[in-house]
Amino acid sequence: GAGVSQSPSNKVTEKGKDVELRCDPISGHTALYWYRQSLGQGLEFLIYFQGNSAPDKSGLPSDRFSAERTGGSVSTLTIQRTQQEDSAVYLCASSLRLHEQYFGPGTRLTVT
Amino acid sequence: GDSVTQMEGPVTLSEEAFLTINCTYTATGYPSLFWYVQYPGEGLQLLLKATKADDKGSNKGFEATYRKETTSFHLEKGSVQVSDSAVYFCALASGTYKYIFGTGTRLKVLA
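Chains as they are written, first to last, in this note's numbering: chain A, 1 to 112; chain B, 1 to 111.
Because the hints were derived from the structure by calculation, they are not lab data. Do not rely on the hints blindly, as some may be mistaken.
[What the hints assert, rightly or not] Which stretches of chain A does chain B cover? Using the computed rule of at least three CB atoms under 8 angstroms from a CB of chain B, they are: (1) 35-42; (2) 89-101.
[Unchecked claim] If you want the ones that stay clear, here's a sample from chain A, every Cβ over 10 angstroms from chain B, calculated: (3) 16; (4) 51; (5) 52; (6) 60; (7) 61; (8) 64; (9) 73; (10) 74; (11) 80; (12) 84.
Virtual Cβ for every residue (Gly too), placed ideally from N, Cα, C.
Okay, chain A solo, but in the shape it has when bound (with noise of 0.2 angstroms):
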């Protein structure tokens, strides 16, 4: 079946501007995950969903980020007025059973 599909690929944006990146899991999946990996670093824990809540966001780096899930489904990250050190690669995971993490492609955001 389809695997865990992310969009945009990729995306430019300037300093300030808002941003909205998207994930769509594997259908069924009821635990989503948001990660963050920047250069030379390792993944950084965002978020996670269990089914439409969010029981931790204390990865969430500053209040400019946020996320949601809607119909246990679709989630969008946020990046409201986008800093040069928010450009990173946003890797999206979803899983049914525990431990069994299915990452999407991820979308490359840079900020000039």
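Assemble the complex: chain A is given as a structure, and chain B must be docked to it using the hints.
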């Protein structure tokens, strides 16, 4: 807090050479441990996992053993192929949903 440290790359090997990528961790409790692989142009894929001490995870000729006494989960393969060229990430599960990843190790296998 919990953390994962893995050897820096890149690692360059000739085909059929033996591979070891070191990974050590710091964690409270007894985390589950993972190796993920990212092939060029693709998303991360789970390669193998181990959920308790002394467990050995294996897949595609790769192996890693959960060593609690040395807090390590080193990845090994006896004979690498060009197709194994990728970035390898060690990770641990801190609780049921929070994952801590290492910085990744790039492997390049030459024919």
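For each hint, the structure was consulted:
1. Coverage of the segment 35-42 of chain A by chain B holds. Counting CB-CB distances below 8 angstroms, 4 residues qualify, and the rule asks for three or more.
2. Coverage of the segment 89-101 of chain A by chain B holds [criterion: at least 3 residues with CB-CB distance below 8 angstroms; count 6].
3. In this structure residue 16 of chain A is separated from chain B by more than 10 angstroms, as the shortest Cβ-Cβ distance comes to about 30 angstroms.
4. Residue-level check passed: residue 51 of chain A sits 13 angstroms from the nearest beta carbon of chain B, beyond 10 angstroms.
5. Residue placement check: residue 52 of chain A keeps its beta carbon more than 10 angstroms from all beta carbons of chain B (closest about 15 angstroms).
6. Interface exclusion of residue 60 of chain A from chain B stands, the closest Cβ pair being 13 angstroms apart, more than 10 angstroms.
7. For residue 61 of chain A, the shortest C-beta to C-beta distance to chain B comes to about 16 angstroms, beyond the 10 angstroms cut-off, and the non-interface label holds.
8. Against chain B, the non-interface label of residue 64 of chain A holds: every CB pair exceeds 10 angstroms, the least being about 22 angstroms.
9. Non-interface status of residue 73 of chain A relative to chain B is upheld: no Cβ of that chain comes within 10 angstroms, the nearest being about 18 angstroms off.
10. The claim that residue 74 of chain A is not at the interface with chain B holds, since no C-beta of that chain comes within 10 angstroms of its own (minimum 17 angstroms).
11. The beta carbon of residue 80 of chain A is kept farther than 10 angstroms from every beta carbon of chain B, the shortest such distance being approximately 25 angstroms.
12. Residue-level check passed: residue 84 of chain A sits 21 angstroms from the nearest beta carbon of chain B, beyond 10 angstroms.
Hint compliance for this structure: no hint is broken.
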